[in-house]
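Below, each chain spelled out in residue letters.
There are 2 protein chains.
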Amino acid sequence: MKSSEKLAAIRQIMAAEQIAALVVPSADPHQSEYVTAHWQARAWLTGFTGSAGVAVVTADKAILWTDFRYWIQAASQIRESEFALFKSGEPDVPEFYDWIFENLSENEVAAIDGQVISRNQEKKYRDLWDIRNIGLRTDLDLVSRIWQNRPPMPATKAWDFSTRFAGRSRAEKMHNIRESMNAAGAGWYVMTGLEDIAWTFNLRGSDAPGNPVNIAFALMGSEHAQLFIRPDKVDEQLAVVLAADNVQMSAYKDIFCALGNLPDKACVLLDPDMVSAAVFRAVNPACRIIEKTGPATRLKAVKNDIQIQHLRDTAVKDGAAVTEFLHWLATRDAGGPVSEISAEEKLFNLRSRQADFVENSFDPIMAYGPHSAMCHYRATKETDVQMKNTNMFLTDSGGNYLTGTTDITRTICLGRPTLQQIQDYTLVLKGHIAVADTCFPRGTRGFQIDTLARQFLWQQGMNFGHGTGHGVGFFLCVHEGPARISPHPVDVALEPGMLMTNEPGVYREGEYGIRLENMVLVTKARKTAFGDFLAFENLTWCPFERELVDTALLTAAEIQWLDQYHQQVFDVLSPHLEPETASWLKSRTAPL
Amino acid sequence: MKSSEKLAAIRQIMAAEQIAALVVPSADPHQSEYVTAHWQARAWLTGFTGSAGVAVVTADKAILWTDFRYWIQAASQIRESEFALFKSGEPDVPEFYDWIFENLSENEVAAIDGQVISRNQEKKYRDLWDIRNIGLRTDLDLVSRIWQNRPPMPATKAWDFSTRFAGRSRAEKMHNIRESMNAAGAGWYVMTGLEDIAWTFNLRGSDAPGNPVNIAFALMGSEHAQLFIRPDKVDEQLAVVLAADNVQMSAYKDIFCALGNLPDKACVLLDPDMVSAAVFRAVNPACRIIEKTGPATRLKAVKNDIQIQHLRDTAVKDGAAVTEFLHWLATRDAGGPVSEISAEEKLFNLRSRQADFVENSFDPIMAYGPHSAMCHYRATKETDVQMKNTNMFLTDSGGNYLTGTTDITRTICLGRPTLQQIQDYTLVLKGHIAVADTCFPRGTRGFQIDTLARQFLWQQGMNFGHGTGHGVGFFLCVHEGPARISPHPVDVALEPGMLMTNEPGVYREGEYGIRLENMVLVTKARKTAFGDFLAFENLTWCPFERELVDTALLTAAEIQWLDQYHQQVFDVLSPHLEPETASWLKSRTAPL
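Sequence lines, in order, name chains A and B. Under the numbering used here, residue 592 is the last one in the first sequence; the count climbs by one each step, no gaps. Under the numbering used here, residue 592 is the last one in the second sequence; the count climbs by one each step, no gaps.
These are calculated hints, taken from the structure and not from any lab test. Here the structure is a predicted model, which is why all the values come from computation and not from measurement. It cannot be assumed that every hint is accurate.
Same chains, same label: a pair holds when it works inside one copy or across any pair of copies.
Under the rule of at most 20 Å between Cα atoms (straight-line distance), these lysine to aspartate or glutamate pairs were calculated in the EDC-like manner [unchecked claim]:
(1) K124 / E291
(2) K265 / E102
(3) K524 / D437
(4) K524 / E537
(5) K124 / D273
(6) K527 / E90
(7) K265 / E106
(8) K527 / E509
(9) K265 / D130
(10) K292 / D130
(11) K61 / E106
(12) K388 / D532
(13) K123 / E291
(14) K292 / E122
Please take these sequences and the hints and turn them into a complete structure.
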């Protein structure tokens with residue numbers, strides 16, 4: 001179908017259903033970061049294939065909202081269509097919900113598929129539009145009525161993730177979740193997040209690239225748990241293992257029925273930011289609903305001792321691979337020209353040699369020159385460039401190992417750096433060190449740490465547009481909640497055992513970008529008269545760039561931090577490197 | 001009535017109304033910081049006179065919750081009563097709402113007077129207790145039925161606050177509020193905050209000590225406004241002035257009627273953190289309610305140019321008074337012993353000499369030695385001490401001038417400081433300077449700034465338990481929202497024109513406390529490729545303590561900041577000081 005045909009067809013259905021505006025967001029029923037092809041209705045309708053955006057269709061308008069990462073790509077992909085591009089974040093560009101608030105008339109109705117917006121999103125839009133008496137229907141999935149050849153839902157095999165890696169058995173995790181449910185007064189817990197389900201039941205799959213999860217829902221009761229999943233994903237042997245822990249199988253869509261059949265007055269815990277409007281609506285209205293972050297989400301974030309030991313080992317393997325890669329780049333002239341895509345292949349090959357490596361944990365960023373100024377650049381055949389010796393190169397990548405997930409960014413200069421590049425790198429590094437080296441009272445939230453990474457940039461009138469850090473899953477998703485280190489006021493305290501990234505940066509559009517990222521583990525530091533204090537244990541081992549550091553901008557303590565870090569990098573990695581790389585690393589990690 | 005008689009009487013009424021637990025909080029119908037005697041039901045019932053606490057009475061239990069500031073005072077004041085003290089904030093001490101959640105049985109009912117809890121508090125308790133099917137009634141004011149000789153509501157005269165000081169006319173402010181109402185789609189705006197009302201209508205009064213407000217409600221419509229206030233507070237001349245701006249008078253309690261009579265489908269804006277449960281319930285149920293921070297609250301926080309010029313001048317007057325006070329203290333030996341209370345009187349006298357001074361903006365803190373370790377100490381006849389030459393003295397005070405409100409804290413050492421005192425003072429000062437000297441992107445919220453004040457203390461395993469700063473009213477309340485600089489994630493950006501304090505501290509129980517507070521004004525700093533950057537303009541002029549600064553712990557930039565600040569202190573203040581004080585100040589402000 002051509003774009004114009006799709007729009008004509010959808011408008012016909014909208015007219016029949018008396019829908020004045022159809023909203024098509026970019027989400028799946030699990031609020032997943034990576035939306036599988038089956039749920040990419042917005043991409044199908046608009047032609048824009050980026051990961052973030054919202055389409056709105058009315059009788060005479062078709063609009064696509066997307067953020068600065070995708071303005072160029074989106075403009076190009078919708079050029080032939082009727083869609084107009086609204087640049088989210090630009091001054092005077094309303095959010096789509098404000099646009100509907102302003103452009104629909106009283107008593108008109110907007111529709112959003114309730115399967116792909118969260119309960120809280122639905123509530124937010126409904127509360128707003130209600131002011132102008134604009135209606136909202138979330139019980140219609142209009143796009144699916146005209147979507148021919150829609151890709152099927154993924155159906156890879158689910159498999160049992162060994163306690164040897166997970167560190168805790170399924171039974172133990174369910175016990176802990178039920179303790180949390182009891183404390184909250186809940187008899188039932190509705191689980192829709194794919195990582196929560198994978199973690200709780202020690203299951204893995206490959207339904208999304210980089211995210212070893214299975215498409216499923218789950219319902220945790222006080223004695224039994226139900227897993228709603230395509231039957232062909234679970235083989236008999238696994239079903240037996242799960243049944244032994246009182247986990248029963250049902251078909252994926254049976255969650256709706258099961259929620260409707262919950263006993264009257266049952267107390268049901270669910271996370272309104274995760275659970276879809278459709279799932280929320282399916283709960284027996286005679287139940288009492290407790291809306292809060294799910295116990296699995298909170299428990300999953302705190303890594304156990306076995307996981308932590310795996311993570312320390314994994315960071316060494318991964319650091320060795322990235323250091324081999326940086327050595328290869330530094331000596332690349334001998335082997336002919338290197339492009340961004342060939343660099344990506346090289347690093348993948350180096351990681352693949354490491355024990356227990358499964359896949360990249362996300363699409364790696366290999367960005368030379370101006371590409372590195374785009375936070376989320378991915379090299380494609382169209383954009384790929386040969387790297388010359390005149391600019392910065394930013395590489396942000398990670399591996400999914402059975403022994404943990406990694407995430408690391410380094411920025412190097414190919415050729416002679418400018419003074420501005422050196423100053424920028426040094427200011428970013430100062431922010432990185434300030435976070436790495438901090439000590440903070442128990443109870444501190446990530447938004448309190450975030451500023452430490454930015455303070456030196458701010459003083460120079462600079463800043464970066466992303467968070468300083470995110471949680472990281474364990475052989476799960478590289479971005480994991482609920483804790484973050486960012487300006488967003490996410491009211492979740494950092495707790496010992498949480499695995500986070502520390503990745504300040506700076507981006508000069510059209511010139512270059514810099515980002516320096518290590519993984520850090522929240523640990524207990526000391527107890528004083530003022531209470532318990534926590535700190536970060538560094539996990540990532542890989543050298544920073546001596547040529548890009550202006551020691552005149554560093555304090556004595558910062559220089560000492562960097563020298564000690566480099567000494568450890570050499571000590572930890574050198575036994576795992578090719579001799580030539582080890583000797584190169586020796587000079588790269590010498591004291592400043 | 002004796003305490004036992006009060007409890008017996010209230011339990012009789014509870015039984016008759018089938019109330020299992022009565023909750024008596026410490027608030028008035030306006031969520032005021034200073035609760036006037038008329039609304040101090042909790043103090044009347046329990047005998048505990050501190051500002052914060054919650055009482056819960058059941059058939060066989062009577063419990064008082066209060067925080068660490070009041071544990072000693074509360075224990076002493078309730079000793080003769082049946083009340084047990086629950087220390088809020090101690091591990092394993094539940095909040096009162098959790099205690100009710102755990103201790104009431106299904107189908108039992110708790111009661112809280114809906115006049116003195118906010119809409120959001122009511123919602124929070126109701127949602128929680130509903131899980132266990134515990135009811136909540138907010139339509140009963142049981143204490144008033146047995147409260148004999150209850151103090152009347154204050155009824156000082158309201159008066160017109162000149163535009164010469166306010167900087168903007170009542171008509172202009174109402175116009176700006178109506179613009180905000182229009183943008184939000186609201187035809188009506190319910191105002192219950194006393195400072196919001198005072199600011200909007202350019203009215204002042206003296207219904208609460210330190211807070212020149214009038215007890216009132218207001219209802220803003222698109223053409224007219226209604227002020228609900230005791231008729232004897234507004235004389236004829238003022239009523240005429242208000243009527244000229246389409247502001248009509250009604251009796252205080254008529255707000256309930258007026259809200260019930262709002263037209264069906266009217267859109268009503270109110271702040272659910274400010275508006276009481278009773279006021280919320282009074283709104284015609286056929287209205288649409290928009291719950292958000294009120295326009296007056298937001299607009300009031302940004303001071304206009306005329307106010308800012310007044311504030312700069314006021315800070316000089318106030319700094320001169322405090323500097324004279326510090327000089328008097330430094331040379332006090334000649335005049336005989338000084339007690340905390342006599343110090344309070346001395347400073348009040350010095351402020352009283354300044355032009356346009358009206359009153360203290362809050363009960364001043366004059367705290368010697370261990371008293372200074374209590375954040376909110378107030379010297380009384382029982383606690384007053386003569387100051388010796390062996391410990392720290394903390395003075396936190398402010399004035400309410402027609403030309404603005406001030407708030408300043410200095411800590412000095414009487415006698416020879418210990419090494420620990422010097423290190424503590426220097427770390428607090430480093431935090432103060434980090435905030436004073438920062439530069440931050442437009443859009444930054446106070447919780448992003450807060451950590452700058454703590455970072456040096458954290459590194460030493462230290463911290464302080466209050467926020468780094470709060471908004472300050474203009475000849476209004478010394479604590480003013482909506483912006484704060486604190487670890488609490490209050491999602492309000494700092495905007496140019498906002499008046500804030502910068503007051504990090506550190507407190508060693510039983511030894512001493514340190515706090516260093518200046519007022520700062522948010523200003524535009526620069527525009528770069530990364531956007532607009534803001535900074536703080538320092539307003540407060542008063543020396544820091546050279547003897548308490550360890551220069552070895554300061555960076556060159558910090559020393560430069562302090563030397564420059566001290567030079568300005570001398571330049572700005574010396575023309576306004578007694579010659580002897582000026583000459584003393586010269587040596588106190590010499591470069592380090």
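Classify it for me, K388 with D532: is the Cα-Cα distance of at most 20 Å met within a copy, between copies, both or neither? neither (50 Å within a copy, 34 Å between copies)
When no copy is named, should K292 and E122 be tagged within, between, both, or neither for a Cα gap of at most 20 Å? So K292 and E122 pass the 20 Å test inside a copy (16 Å) and across (18 Å) alike.
Tell me, please, which holds for K124 and D273 at an alpha-carbon limit of 20 Å: within, between, both or neither? Answer is both: 11 Å inside a copy and 18 Å across each meet the 20 Å cutoff.
With 20 Å as the alpha-carbon cut-off, assign the pair K524 and E537 to within, between, both or neither. within (9 Å within a copy, 38 Å between copies)
From the Cα coordinates, with 20 Å as the cut-off, is the pair K61 and E106 best called within, between, both, or neither? Classified as within: same-chain Cα gap 18 Å, cross-chain 54 Å, threshold 20 Å.
One pair to classify: K292 and D130, alpha carbons no more than 20 Å apart. Within, between, both, or neither? For K292 and D130, the Cα distance is within 20 Å only across copies (15 Å; inside one copy 25 Å).
For K123 and E291, with the copy left unspecified, which applies at a CA distance of at most 20 Å: within, between, both, or neither? both (13 Å within a copy, 13 Å between copies)
Pop the pair K527 and E509 into one bin, within, between, both or neither, using alpha-carbon distances up to 20 Å. between (45 Å within a copy, 16 Å between copies)
Please work out whether the CA atoms of K524 and D437 approach to 20 Å or closer within one copy, between two copies, in both situations, or in neither? Only inside one copy: K524 and D437 sit 13 Å apart there, 31 Å across copies, limit 20 Å.
When Cα atoms must be at most 20 Å apart, do K265 and D130 count as within-copy, between-copy, both, or neither? Between. Shortest inter-copy distance 10 Å satisfies the 20 Å Cα cut-off; intra-copy 29 Å does not.
Pop the pair K265 and E106 into one bin, within, between, both or neither, using alpha-carbon distances up to 20 Å. between (37 Å within a copy, 12 Å between copies)
With identical chains treated as interchangeable, where does the CA-CA distance between K265 and E102 reach 20 Å or less: within a copy, between copies, both, or neither? between (40 Å within a copy, 18 Å between copies)
Consistency note: the structure conflicts with earlier hint 12 alone.
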